[in-house]
Amino acid sequence: MTALTIQNLWKEYGPQVVLESVSLTIAPRAFVALVGPSGCGKTTFLRMLLGQEQPTRGTIVMDGAPLPREPGPDRGVVYQRYSVFPHLTALQNVMIGPEMRAARLAGRLWGKARKGLADDAATLLHEVGLAGAEDKFPAQLSGGMQQRLALAQTLMMRPKLLLLDEPFGALDPGIRAEIHALMRRLWHEHPMTVVMVTHDMREAFALATRVIAFDRPRQRPEERERYGATITNDIALWPPRVAGRQTIYDADIPAGDEDLSRFAIQPGPPRPDQGALR
Amino acid sequence: MTALTIQNLWKEYGPQVVLESVSLTIAPRAFVALVGPSGCGKTTFLRMLLGQEQPTRGTIVMDGAPLPREPGPDRGVVYQRYSVFPHLTALQNVMIGPEMRAARLAGRLWGKARKGLADDAATLLHEVGLAGAEDKFPAQLSGGMQQRLALAQTLMMRPKLLLLDEPFGALDPGIRAEIHALMRRLWHEHPMTVVMVTHDMREAFALATRVIAFDRPRQRPEERERYGATITNDIALWPPRVAGRQTIYDADIPAGDEDLSRFAIQPGPPRPDQGALR
Amino acid sequence: MRLINLTPGKGGRLLLGALPFVVLALAYLVGSALRLADNPGDKLLPSLGAMGRMIEVMAFTPDKRTGAYLLWTDTAASLFRLWSGLAIATVIALVIGLLNGVLPVMRALLAPFVAFLSMVPPLALLPVLFIVLGLGEVSKIALIVIGVAPILTRDLALTAAALPREQIVKAETLSASSWLIAWRVVLPQVMPRLIDSLRLQLGPAFLFLIAAEAISAEGGLGYRIFLVRRYLSMDIIFPYVVWITVLAVAMDLALRLLRRRLYPWAEPEGRA
Amino acid sequence: MRLINLTPGKGGRLLLGALPFVVLALAYLVGSALRLADNPGDKLLPSLGAMGRMIEVMAFTPDKRTGAYLLWTDTAASLFRLWSGLAIATVIALVIGLLNGVLPVMRALLAPFVAFLSMVPPLALLPVLFIVLGLGEVSKIALIVIGVAPILTRDLALTAAALPREQIVKAETLSASSWLIAWRVVLPQVMPRLIDSLRLQLGPAFLFLIAAEAISAEGGLGYRIFLVRRYLSMDIIFPYVVWITVLAVAMDLALRLLRRRLYPWAEPEGRA
Amino acid sequence: QSRTEFKVAWSIYVGWMPWGYAADSGIVKKWADKYGLTIQVTQFNDYVESLNQYTAGAYDAVTVTNMDALSIPSAGGVDTTAVIVGDFSAGNDAVFLKGAGGLADLKGKRVNLVEFSVSHYLLARGLDSVGLSEADVTVVNTADPDMVGAFQTADVEAMVTWNPMVAEIEKLPDATKIFDSAQIPGEIIDLMVASTASLAENPDFGKALAGIWYETAALMVSDTPEGAAARAAMGAASGTDQAGFEAQMAATKLFDKPADAVAFTTSPDLKATMELVRTFLFDKGLLGAGAPSADVIGIELPAGDVLGDAANVKLRFTADYMQMAADGPL
Ligand SMILES: Nc1ncnc2c1ncn2[C@@H]1O[C@H](COP(=O)(O)OP(=O)(O)OP(=O)(O)O)[C@@H](O)[C@H]1O
Ligand SMILES: Nc1ncnc2c1ncn2[C@@H]1O[C@H](COP(=O)(O)OP(=O)(O)OP(=O)(O)O)[C@@H](O)[C@H]1O
Ligand SMILES: [Mg+2]
Ligand SMILES: [Mg+2]
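Residue numbers (the working numbering), protein chains in the order written: chain A, 992 to 1269; chain B, 992 to 1269; chain C, 52 to 323; chain D, 52 to 323; chain E, 28 to 357.
The shape of chain A in the complex, shown without the other chains (with noise of 0.2 Å):
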């Protein structure tokens, strides 16, 4: 489920244009790869997605609702830097979501409904390799460990729209194959549409049914502050990937390519010239 449609969406801040005339349409189960320069605005497009920032024009619409003016259950997050609860050990840290949703006065459970829980919370934190971890503090935990907390955190809420931002980035490739064989197959079974940041085109290519880069068309230092980054590459798979198939790239997946124009469509339309407006 869950469709976005993205129209003509700006963000500024201040006098620095980080985004502009952003358009674009993103299908139910879609995994989105965003990729981009560093500082384009990946992580900034994402927190509009969440509700998190407003934007300063344009609008989000998610299954034909404007989308709510804050975050919610059905739209997880992943933070690029390490963005679980510091006072929870690992089992409670995946815990807290649900106990939340179930108890909305004291946010706990206790007896059976609890051990069910902390039972799930387990086996996510086994299959995301945290197993032993349950009871370290996210401050006894490597860089890697954490992200993955978080990860496990989000995944156990099941939100219809998932955002990453770079989740993968401080992992070895070993574990890193492990949680993508654990992502494709989430994504498969839940009805999830995911957008995930990531600065590695293999695992854009590994993962996603269609990958978009952001960049910006001046680069001039004297424009970067007033020209923002925009949709310059828009990249769907070919044969395409489908949410609870198996498809041929499940089974072996290609070695990525870094050349992105080889499958460029073609450029953005130039920008219309809007220094009039400001």
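It is possible that part of the hints are untrue.
DSSO-like, lysine-lysine: derived pairs with alpha carbons at most 30 Å apart [as the list claims (entries may be wrong)]:
1) A/K1127 to A/K1103
2) C/K115 to E/K311
3) E/K284 to E/K34
4) E/K56 to E/K284
5) B/K1127 to D/K61
6) E/K198 to E/K134
7) B/K1106 to B/K1151
8) E/K204 to E/K298
9) E/K34 to D/K115
10) E/K61 to D/K115
11) B/K1103 to B/K1127
12) C/K115 to E/K134
13) D/K115 to E/K198
14) E/K57 to D/K115
15) B/K1151 to B/K1103
16) E/K311 to E/K134
17) E/K298 to E/K284
18) D/K115 to E/K56
19) C/K115 to E/K136
20) A/K1127 to C/K61
21) E/K311 to E/K125
22) A/K1127 to A/K1106
23) D/K115 to E/K284
Just so you have them, the derived chain C footprint on chain D, three or more residues with Cβ under 8 Å [unchecked claim]:
24) 152 to 163
25) 283 to 290
Cβ-to-Cβ under 7 Å is the rule here; a few derived chain D residues that face chain C [claimed, not checked]:
26) R53
27) T58
28) R64
29) G68
30) L95
31) M170
32) L174
33) A175
34) I182
35) I202
36) S229
37) G254
38) P255
39) I276
Everything labelled a hint here was simulated from the structure, so no lab data went into it.
Note that the Cβ used here is the ideal one computed from N, Cα and C, for glycine as well.
Based on these hints, arrange chains B, C, D and E with the ligands on the given structure of chain A.
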């Protein structure tokens, strides 16, 4: 210059053994890539090379003398988490090292000396792709930008031994290629030895003269606490890459290969049972 | 090796830590001896022996009039007031500080007023306080609350507001309501700071207690100090001051242990 | 929408912030009217008119005895004492707090003693203070210093010690000596907290000022309040208390602006 | 050896306001110059602190009541001489009851007062006069500046205090004055005392004090515009106005003429008063911890006879300086 000899190094945190019997000799001007699963002790190892942590057992000898028990300007570091000074602008962050080296009392330079240093710093910032961000504070920079800033800050000191902890994980492929080129140039031009932790095999082979893998020989959960990681693979690049000389690699970096076992020389020696000693 | 990396061992730490106390004690003994040599009747810096005798009288001899052991009844009366005051102040600080820190609407409503209140010198308004609350225990406890709660509240609100925005957003994606964010995300994370803040306020709390007891009381540590101050009985005042300080330091230590026990994740690095 | 995400606009904030003040003012007016209806001679809650007349007398009529305008000479005397005290306390806190926070050896030496000192109730030791320092300005300033410096120092030491270990190590690899670490890395980063801490200590500083002036002074805000307190002249005390609070709030604001101006990088998120 | 620099402490109270006025108006300087001395006059808001400072040796002279002179500096080992008997309280101290009634109604009530002060003594004398003792009431220590506010709280049933608080409490609707110092005239005496040692070092110090006092006192009671201005200034300095100050003066028997003071000091009544005072203090344990009897401290009277231990005289009354003022050789 700067050879390192590490003999029978152990590191324990309370009851947990993190590293055990690590022995290693690093030649002057080597570029060592350190790989291994998340949480196996790579960061801990770098900390000991830096002098920030002391080994539980074993010795580290640098250029014939025992490693000083505290960090110094001969060893530079870029941490896994962004580690720039939040109260200084990007330019000030890059200038602070030379400033403190030159002015032992004020820690600041003025007039012409300052001007010259600021120019050098701005040049380096430009080279790591941060032109235009000179006057921003770290909190105003994206994650990847902070990481590059940390690199520039460290490089300003021209350390003899450079320690990098996943420095390029948050960079997009374009900027990463540029930084790789910069790293390679600096390593050729300046007499420094580099130890870099990375999860990206391709990066390891693109830059290093030697790839070392850490891993835990015992993986059963009940054994994880009592047995630490050690060197399981040690691969020298062939044909050798030599500092100061152009080799075939530098012209054209081959696509990496995730499968380490192809390079494996042999598994590490079986671990002598030391249970009685504890 | 840099001075900054020089870490004394356990024994060295104890020795170093004791040094300033020894110096202070010596300075007192010398000063006292000098003044007593000048005037044997001097009351400002009594000898240790004179203080020892007064401790004997206050702590271990029943009072002629009431038959009570004064030091202990004074301590009990004061601690009751102090703890009641601190407990109430803590609850107020938690509720208002959390509301202020978490809800922008409440912050807009209350933050300026709390900032204003924290600047009002409570001692100057004592007459009003008395008339509203009477001269009994209530007004003494209230003075402590009024003196301590605004600072605790502001500190807590600052701490709550300084939590990374990402954590709040994260909690929202985990289906938390405003209440659950306050209860399960913000509250546990401000608790360690609350304890630290409370530790810093122990000194001021004792100050307000003493001020309150100086104004009207029938017993208590501050009452006794101000009563015998009339006679410059430093041989009673010094032991009482040291006793108060020891009590405060003990509470400080207890709070620190509590913090370490309850919130191990919040210990400064390297001690977790 | 969650309450937590409801952010009032600029106008709404002003209105909400004014509300508690309006409520307080109304409560006062009603209380005052009720008491005055009961007893027209009541001095506890004077009418606004009565207070206005006293403000006229204190602020804009030359004193019969000295020819000075009392409110202004009182304010000048008190502010001089307060600022001197705060300045000295800040310098002490900076030096000792930084040493404690940065050097483990100094921490071992001084931290227990500073913790002890911060718990000593200074009001109880006033006679000693006055005899050692005399009754002039020095002892009044000293009381403020003694009351404020230990807390500032502890807070600063805590802040300095909480800096990530990585930053210190990083500075060492950038050739910093212990001195340069303190000077270029730690000091600038504790300054914002120092200013915040100072803001929190404004209330206590005024308290100590008032306590010192209550004992011996010939002018000052606290002196005046205690002088007229014997007559229950609330028509002077209330305006003085409000004036003190306004002064303190103005200083608080000035410090906040200073912090924002000098240390923009340290502003809470979203305001940088 | 002889010193020329002396420090005098005084605290804000109707009978002692002349000292502040004398310092402000140059009278102190005039008399100090006359004897080649430097006299520094310091004002205290807090009476007890001024006594503490004197007892600890920081001041040479201080304003104090006869009772506190015995129980504080003298009992504290400082040999003290009363240089000037300035006035006695004739209504400045009073016992109040909330609601109607008399002294006998105090039985079983809580009485707020400054413990061990002249208020405590006044209460004891009052209770004595109706056959009660202090055991019949509960004493609650209360700070003097807060008396007026405290009286209006529900907890307070009775209160003993001094002026200016007395005048304020009198105005309150439910306050009944049931006893005051006018009923024990001459027992609560306000003095200027100096350490006997300071006087011995330089007797001119005592003369200067006497000179200052009688010049100021004469001005203070005079019916001239200067006198009115002086009273207005003293009123302002004590936090009230001329009218308020004059009301307080009315409750004070001021000795503005040295001869009157000499007569009062040398009369046998003083001995009787001090006998009452020292008995009261001994009962309260205020003549030193473990004092075996009221005789531990000797009190020397102008005639030369000594109450108590003649070998341990710590409080001396003398008419010498006042006599000199009366005779005119100052
Ligand atoms: N709160 C803010 N205030 C001002 N500028 C901001 C703010 N947040 C981000 N920016 C600016 O917006 C731009 C985009 O930042 P963003 O974090 O979205 O980049 P990114 O694409 O995620 O980069 P990276 O790949 O390095 O994480 C940057 O130039 C940054 O400086
Ligand atoms: N201060 C500490 N106290 C206790 N245990 C620690 C501490 N620091 C690290 N560890 C433990 O040591 C192990 C190694 O941690 P380290 O950070 O060196 O891993 P890493 O190899 O760098 O992992 P990553 O690739 O995820 O960064 C982990 O199991 C971690 O829990
Ligand atoms: Mg980003
Ligand atoms: Mg690491």
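Here is how each hint holds up against the structure:
About 23 Å separates the Cα atoms of A/K1127 and A/K1103, which keeps this hinted pair within 30 Å; it holds. The hinted pair formed by C/K115 and E/K311 meets the criterion: a straight-line CA distance of about 11 Å does not exceed 30 Å. Only pairs whose Cα atoms come within 30 Å are accepted, and E/K284 paired with E/K34 is accepted, the gap being roughly 25 Å. Of the supplied pair hints, the one linking E/K56 and E/K284 holds, its CA atoms being roughly 22 Å apart against a limit of 30 Å.
For the suggested pair B/K1127 and D/K61, the alpha carbons sit about 28 Å apart, so the restraint of at most 30 Å is met. A hinted pair counts as satisfied when its Cα atoms are at most 30 Å apart, and E/K198 with E/K134 qualifies at roughly 24 Å. Proximity of B/K1106 to B/K1151 is assessed by CA-CA distance (about 26 Å); at most 30 Å being required, the pair is judged to hold. Taking the CA atoms of E/K204 and E/K298, the gap is about 29 Å. The hint holds against a cut of 30 Å.
This hinted pair checks out: E/K34 and D/K115 have alpha carbons roughly 27 Å apart, not beyond 30 Å. A hinted pair counts as satisfied when its Cα atoms are at most 30 Å apart, and E/K61 with D/K115 qualifies at roughly 29 Å. Straight-line distance between C-alpha atoms of B/K1103 and B/K1127 comes to about 23 Å, which keeps the hinted pair within the 30 Å bound. Taken as a hint, the C/K115 and E/K134 pair is honoured in the structure, with Cα atoms around 22 Å apart against an allowance of 30 Å.
For the suggested pair D/K115 and E/K198, the alpha carbons sit about 26 Å apart, so the restraint of at most 30 Å is met. A threshold of 30 Å between alpha carbons decides the hint, and for E/K57 with D/K115 the separation of about 23 Å falls inside it, so the pair holds. With a C-alpha separation of about 27 Å, the suggested pairing of B/K1151 with B/K1103 holds against the 30 Å cut-off. Our distance criterion of 30 Å between C-alpha atoms is met by E/K311 and E/K134, whose separation comes to about 20 Å.
Under the criterion of a C-alpha separation no larger than 30 Å, the hint pairing E/K298 with E/K284 is consistent with the structure, at around 22 Å. Restraint check: the Cα-Cα separation between D/K115 and E/K56 comes to about 22 Å, which is no more than 30 Å; the hinted pair holds. Distance check on the hinted pair: C/K115 and E/K136 sit about 22 Å apart at the alpha-carbon level, within 30 Å; holds. Of the pairs offered as hints, the one joining A/K1127 and C/K61 holds, with about 28 Å between alpha carbons and a cut-off of 30 Å not exceeded.
Our distance criterion of 30 Å between C-alpha atoms is met by E/K311 and E/K125, whose separation comes to about 26 Å. The suggested pairing of A/K1127 with A/K1106 holds, with an alpha-carbon distance near 19 Å, which does not exceed 30 Å. With a C-alpha separation of about 28 Å, the suggested pair D/K115 and E/K284 falls inside the 30 Å cut-off, and the hint holds. Against chain C, the region 152 to 163 of chain D contributes 9 residues with a C-beta closer than 8 Å to a partner C-beta. That satisfies the three-residue criterion, and the hint holds.
Look at the region 283 to 290 of chain D against chain C: 3 of its residues bring a Cβ nearer than 8 Å to a Cβ of that chain, three or more, so the hint holds. Interface restraint check for D/R53: the shortest CB-CB distance to chain C comes to about 5 Å, inside 7 Å, so the restraint holds. Annotation: interface hint on D/T58 holds; nearest CB of chain C at approximately 4 Å, less than 7 Å. Because the beta carbon of D/R64 sits about 4 Å from the nearest beta carbon in chain C, less than 7 Å, this interface hint is met.
At about 4 Å, the closest approach between the beta carbon of D/G68 and any beta carbon in chain C falls short of 7 Å, and the interface hint on this residue holds. For D/L95, the interface hint holds, the least distance from its beta-carbon to any beta-carbon of chain C being 6 Å, beneath 7 Å. With its C-beta approaching chain C no nearer than about 4 Å, D/M170 sits inside the 7 Å limit, and its interface hint holds. Hint status for D/L174 relative to chain C: holds, with the closest Cβ pair at about 6 Å, below 7 Å.
For D/A175, the shortest C-beta to C-beta distance to chain C is roughly 5 Å, which falls under 7 Å, so the interface hint holds. Because the smallest distance between the Cβ of D/I182 and any Cβ of chain C comes to about 6 Å, under 7 Å, the interface hint for this residue holds. Nearest Cβ of chain C to the Cβ of D/I202: about 6 Å, under the 7 Å cut. The hint holds. The closest approach between the C-beta of D/S229 and any C-beta of chain C is roughly 4 Å, which is under the 7 Å cut-off, so the hint is satisfied.
Taking 7 Å as the C-beta cut-off, the interface hint given for D/G254 holds, the closest approach to chain C being about 5 Å. Evaluation of the D/P255 hint against chain C yields a held restraint, the C-beta minimum of about 6 Å falling below 7 Å. Interface restraint check: D/I276 against chain C, minimum CB-CB distance 5 Å, threshold 7 Å, status holds.
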